[in-house]
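Letter 213 of the sequence shown, counting from 1, is numbered 618 in the numbering used here, and no numbers are missing.
For the record, the hints were derived by calculation from the structure and aren't laboratory data. Everything numeric in this text was worked out from a predicted model, so none of it was measured. Note that the Cβ used here is the ideal one computed from N, Cα and C, for glycine as well. No incorrect hints appear here.
Cross-link-like lysine-lysine pairs, in silico, BS3-like; alpha carbons within 27 Å at most:
| no. | residue 1 | residue 2 |
| --- | --- | --- |
| 1 | K413 | K424 |
| 2 | K413 | K546 |
| 3 | K571 | K615 |
| 4 | K619 | K571 |
| 5 | K546 | K471 |
| 6 | K514 | K598 |
| 7 | K514 | K446 |
| 8 | K471 | K562 |
| 9 | K446 | K424 |
| 10 | K424 | K546 |
| 11 | K598 | K615 |
| 12 | K615 | K569 |
| 13 | K615 | K514 |
| 14 | K514 | K619 |
| 15 | K446 | K413 |
| 16 | K598 | K619 |
| 17 | K598 | K569 |
| 18 | K609 | K619 |
| 19 | K546 | K562 |
| 20 | K619 | K569 |
| 21 | K571 | K609 |
| 22 | K615 | K562 |
Estimated spans, in silico, between C-beta atoms of each pair:
| no. | residue 1 | residue 2 | range |
| --- | --- | --- | --- |
| 23 | S445 | Q504 | 18 to 28 Å |
| 24 | K424 | E550 | 19 to 29 Å |
| 25 | A513 | Y470 | 33 to 43 Å |
| 26 | L610 | E422 | 46 to 56 Å |
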Amino acid sequence: MLTEDQTKEISQAIDIEFKDDDLLRQVFIHRSYLNENPGSKLGHNERLEFLGDAVLELIVTEFLYKNYPNPEGELTNWRSALVRGQHLAEVAGQLGLGQWLMLSRGEAKSGGKTRQILLANMFEALLGAIYLDSGLEVTRKFIDEHITVRLPDILSKELHIDAKSKFQELTQARVGITPHYSVTREEGPDHAKEFTVAVYLGNKLVAEAKGSSKQTAEQAAASLAVRNFIEANA
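Please construct the entire structure, taking both the sequences and the accompanying hints into account.
What follows is the structure in structure tokens.
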């Protein structure tokens, strides 16, 4: 269980003072930790994650609606880019939050504190906890400072564009080949499954990436493939 000093460090890192320290502690409790610590007075973070996911989508949707007159399709793509797990994991990593994630010994040894899916889920749980402890306006301010502020960078790098479509257009135009995808590995328990997907041009492996679903892993592999393909054919 996180100590009082550790919760203070987290509060400083996120610049939010929690009234209920136990709520903040629960953010960092992964289900696997409870398997080895059944006497814990706090539950795991999945219910907070469920809430945080909904709060994040609402606030990001409201932000886009109020600030951009673009068509629904464009706004939907932008929202997807802002709330996708890879993006949330990057923010969590930049805030240094992974170091406090409480996992089973096996999960920790396998690099759980840096796994994208676990960091993204933890970040959503944090948003749920901030909402419960401090309300909507504080949560909105936090999301504006760490999530929606990144939209210009996402648009400039075209990270909002469907990566699979982009890679297919690129390869068909340049080499006349349609890429195909294959799941090469599935790891983890059912509630935190991680998929590894490879993308090929013919028999040639172009890129490989992980994700919390097959679709997420395919998009991550396609995004990496675009970069690799452009560099190889520059």
